[in-house]
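Peer 1: The primary structure of each chain is shown beneath.
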Amino acid sequence: MLTRYVFRRVAIGLIQLFGLVIAVFFLIRLLPADPVSRFVGLNSSEEAYAQAERNLGLDRPIMTQLGHYLGVLPGEGEGLLQGSLGTSWVTGTAVSTEIAQALPVTLELLTLAFFFALVLSVPIGMLAAIRPGGAADKGVFVYSLFAGSQPEFWWGLLFVYLFFFTWGVAPAPLGILSPLTSAPPDVTGFVLIDSLLAGRPDVFLEAAHHYMLPVATMVFILSGPIIKMVRQNMVRALGSDFVLYARCAGLPKWRVALYALRAAMAPSMTLIGILYGFMLGGAVLIESVFSLGGLGQYAIRSILAFDYPAIQGVILVITAISLLVYLALDLIHAVIDPRVTF
Amino acid sequence: MAETVQIHEERRTDWLFWVGVTIVSLVTFLAAFGPSIAPYDPTLATGRVAVPPPGLSEWPGLFWASLSGQLDRPPHWFGTDATGFDIFSRVISAPRVDLTIALAANGLSLVLGVFLGLIAGYFRNIFTEGMMRVSDVLQSFPVFISAMILVALAGRSTVNIVIALALLYTPIYIRLTRSEVLSQRVRGYVEAARALGNPEIVVALRHVLPNSLAPALIQSSVTIGFAILLTAGLSFVGAGVRPPAPEWGLMISSGANQIILGEWWPSVFPGVAISLTVFGFAVLGNALERRYDG
Numbered sequence: 388m389l390t391r392y393v394f395r396r397v398a399i400g401l402i403q404l405f406g407l408v409i410a411v412f413f414l415i416r417l418l419p420a421d422p423v424s425r426f427v428g429l430n431s432s433e434e435a436y437a438q439a440e441r442n443l444g445l446d447r448p449i450m451t452q453l454g455h456y457l458g459v460l461p462g463e464g465e466g467l468l469q470g471s472l473g474t475s476w477v478t479g480t481a482v483s484t485e486i487a488q489a490l491p492v493t494l495e496l497l498t499l500a501f502f503f504a505l506v507l508s509v510p511i512g513m514l515a516a517i518r519p520g521g522a523a524d525k526g527v528f529v530y531s532l533f534a535g536s537q538p539e540f541w542w543g544l545l546f547v548y549l550f551f552f553t554w555g556v557a558p559a560p561l562g563i564l565s566p567l568t569s570a571p572p573d574v575t576g577f578v579l580i581d582s583l584l585a586g587r588p589d590v591f592l593e594a595a596h597h598y599m600l601p602v603a604t605m606v607f608i609l610s611g612p613i614i615k616m617v618r619q620n621m622v623r624a625l626g627s628d629f630v631l632y633a634r635c636a637g638l639p640k641w642r643v644a645l646y647a648l649r650a651a652m653a654p655s656m657t658l659i660g661i662l663y664g665f666m667l668g669g670a671v672l673i674e675s676v677f678s679l680g681g682l683g684q685y686a687i688r689s690i691l692a693f694d695y696p697a698i699q700g701v702i703l704v705i706t707a708i709s710l711l712v713y714l715a716l717d718l719i720h721a722v723i724d725p726r727v728t729f
Numbered sequence: 356m357a358e359t360v361q362i363h364e365e366r367r368t369d370w371l372f373w374v375g376v377t378i379v380s381l382v383t384f385l386a387a388f389g390p391s392i393a394p395y396d397p398t399l400a401t402g403r404v405a406v407p408p409p410g411l412s413e414w415p416g417l418f419w420a421s422l423s424g425q426l427d428r429p430p431h432w433f434g435t436d437a438t439g440f441d442i443f444s445r446v447i448s449a450p451r452v453d454l455t456i457a458l459a460a461n462g463l464s465l466v467l468g469v470f471l472g473l474i475a476g477y478f479r480n481i482f483t484e485g486m487m488r489v490s491d492v493l494q495s496f497p498v499f500i501s502a503m504i505l506v507a508l509a510g511r512s513t514v515n516i517v518i519a520l521a522l523l524y525t526p527i528y529i530r531l532t533r534s535e536v537l538s539q540r541v542r543g544y545v546e547a548a549r550a551l552g553n554p555e556i557v558v559a560l561r562h563v564l565p566n567s568l569a570p571a572l573i574q575s576s577v578t579i580g581f582a583i584l585l586t587a588g589l590s591f592v593g594a595g596v597r598p599p600a601p602e603w604g605l606m607i608s609s610g611a612n613q614i615i616l617g618e619w620w621p622s623v624f625p626g627v628a629i630s631l632t633v634f635g636f637a638v639l640g641n642a643l644e645r646r647y648d649g
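Line by line, the protein sequences are chains E and X. For reference, each letter of the first sequence is one residue, going 388 to 729 in my numbering. For reference, each letter of the second sequence is one residue, going 356 to 649 in my numbering.
Think of the hints as simulated: they come from the structure by calculation, not from any bench. Honestly, I wouldn't trust all of these hints.
As the list claims (entries may be wrong) - Here are the computed distance ranges between Cβ atoms for each label pair: (1) E:Val459 with X:Gln494: 45 to 55 Å; (2) E:Ile661 with X:Arg561: 29 to 39 Å; (3) X:Ala420 with E:Pro588: 50 to 60 Å; (4) X:Ile481 with E:Glu465: 51 to 61 Å.
What the hints assert, rightly or not - Residues of chain X clear of chain E, computed beta-carbon distances all greater than 12 Å: (5) Val376; (6) Ala386; (7) Tyr395; (8) Val404; (9) Gly439; (10) Ile474; (11) Phe478; (12) Val498; (13) Gln539; (14) Val545; (15) Val557; (16) Leu568; (17) Phe591; (18) Ala600; (19) Ala611; (20) Ser630.
To be verified - Covered stretches of chain E, as calculated for chain X (at least 3 residues, CB under 8 Å): (21) 399-407; (22) 694-705.
The C-beta atom is built at its ideal place from N, Cα and C for all residues, glycine as well.
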């Protein structure tokens, strides 16, 4: 039953992804950008322009370009269907290689941020739910409304000013490792994990130190919607019959609270998944403030350089990860909440 | 017990509602008159570079002196940036750019989304179902990156930013209006209007539409706030309005390199402005939502 459900979800996801790829492919070619003159310069000769256009493959009919990208043209090398995302027009490196280098940073940033955001927000949301309309609830409500509507890049800069410049407790916002530190050998791509595998706690601490401010910024922004959601679901759970029953049965308060929390977390999971997918693209600004060199910064570079294969690759990877996260959380939802079946 | 809770919630709503109204009115006022009341031309360098703002204790004295005409030129309340622009003038002129983009994008997506949502909810057929799938795909794009792509590849102009944002926000309104229409179309008044012999299109536009507008209108306040955030974010990464337009995100971005060196004022003041503005719209939207539901 479960396998069939997962299989069906993955199949639908693949179809969605494919549709998205095609849509993005045509969309960026419909827009009036001229990547060729971006590469040869505006004052180039006609021959140079034509040559560059040929090199990028933009002189061919659009359906041929699509065929080339998908890899269905005979004798033209691998395409998307063979698992290749193409080569970047700017660097000439395979897009998949570049994304594989950038992605771990973004995933590390997001995972750390979500972990701490949940650790902080769940108790606060529960606190607010104990007495709806009480003083704590009011304060928490205003806070969550505020945090949920803030320019994250500005808060990042503000944190840099306060924690780096004024108090000197954070490193400069220039990536994850200082240029003098030799990076640990690449095993998983995740610096925090690789440094431990290589037995280099100093590198681990340095990376963690550099993650401190970007993660703090993101935790602040994320705490708004998460607190609001936990509070709402918690209020609903505390008002339900099974909590009343547990109370009447004389169970200790903390036990009742745990029961209610479990019921409240199940629906929250879905929203957290949506938030995670949203932040994959939304981390762009925070990555850029702290020069983390993650997927978001790769996206900015590719878009501003009109690097079509890279843009297509980024969108594809972000959407694919979001779909996987949704699926994983739906499965977790079923584990937490026994009423959900597939 | 239940009644106390009710009263508490109402009071909370009211207090916040007025905070939202105040902020939104102020920003709207600045969008209309900001550039006219600004002491300096927001796009003209003053020649005085990176002047820090006066300390808070000097403000009353300076204010009095500038009112009584003892100064040969207006003070730089918020200092000047690395180019020599007066930051105060730029901060109060920016709503004309930011709010205009946000209002236009929201208005466009509201009209388009409500119209398509009405059609999708009222006439359910293969075309409208297909439209919903297209809108699903649009909604699954990563918003910020999609906005960047649209604006960067179409050209960094105000009009293109508006179109890009409108395109990304339309599916929200389609969805909201459609689900409201679905609940309205089975009501008695719709049947009555039909029984009177009104053609379907008249029933949809004259009777169902006005009764299905509330969720979309309430969402507007929130969307306008987020559109301001997105506009600022786009200029921050270099895919939004072009310098030297007075725009909050652009100002924060131009001060970003100096903030590591301790020059906080070029980025902090426009940031406070965005922070309060978006909060104001969020609060107003939330209060309206509560009033409508209650």
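Peer 1: Taking the hints in turn, state whether each one holds.
Peer 2: Going through the hints against the structure:
Checked against the hint of 45 to 55 Å, the pair E:Val459 and X:Gln494 fails, with Cβ atoms roughly 29 Å apart. A hinted range of 29 to 39 Å holds for the C-beta pair E:Ile661 and X:Arg561, which are about 37 Å apart. A hinted range of 50 to 60 Å holds for the C-beta pair X:Ala420 and E:Pro588, which are about 59 Å apart. For the hinted restraint 51 to 61 Å between X:Ile481 and E:Glu465, the CB-CB distance of approximately 38 Å leaves it violated.
X:Val376, annotated as away from the interface, keeps every beta carbon of chain E farther than 12 Å; the closest lies near 15 Å. For X:Ala386, the requirement that its beta carbon stay farther than 12 Å from each beta carbon of chain E is met, with the minimum near 18 Å. Chain E leaves X:Tyr395 outside its interface by the beta-carbon criterion, the shortest separation being 23 Å against a cut-off of 12 Å. Distance check on X:Val404: its Cβ is at least 20 Å (rounded) from any Cβ of chain E, clearing the 12 Å threshold; non-interface status holds.
With a least beta-carbon separation of about 21 Å from chain E, X:Gly439 lies farther than 12 Å from that chain, consistent with its non-interface assignment. Every beta carbon of chain E lies more than 12 Å from that of X:Ile474, the smallest distance being close to 22 Å; the non-interface claim holds. Separation of X:Phe478 from chain E is adequate, the least Cβ-Cβ distance of about 25 Å exceeding the 12 Å criterion. Look at X:Val498: its CB is around 6 Å from the nearest CB on chain E, not clear of 12 Å, so calling it non-interface is violated.
The Cβ of X:Gln539 lies farther than 12 Å from every Cβ of chain E, with a closest approach of about 26 Å, so its non-interface assignment holds. Against chain E, the non-interface label of X:Val545 holds: every CB pair exceeds 12 Å, the least being about 32 Å. The beta carbon of X:Val557 sits about 36 Å from the closest Cβ of chain E, which is more than 12 Å, so the claim that it is off the interface holds. Consistency note on X:Leu568: stated as away from chain E, and its beta-carbon is indeed over 12 Å from all of that chain's, at 24 Å minimum.
The claim that X:Phe591 is not at the interface with chain E is violated, since a C-beta of that chain comes within 12 Å of its own (minimum 5 Å). Taking the minimum C-beta to C-beta distance to chain E, about 18 Å, the non-interface status of X:Ala600 holds against the 12 Å cut. For X:Ala611, the non-interface assignment is contradicted: its Cβ lies about 6 Å from the closest Cβ of chain E, within the 12 Å cut-off. A beta-carbon of chain E comes within 12 Å of the beta-carbon of X:Ser630; the shortest separation is about 6 Å.
Counting residues of the stretch 399-407 of chain E whose CB lies closer than 8 Å to any CB of chain X gives 3, so the stated coverage by that chain holds, three being the minimum. By the rule of at least three residues with a Cβ nearer than 8 Å to a Cβ of chain X, the coverage given for the stretch 694-705 of chain E holds, with 4 such residues.
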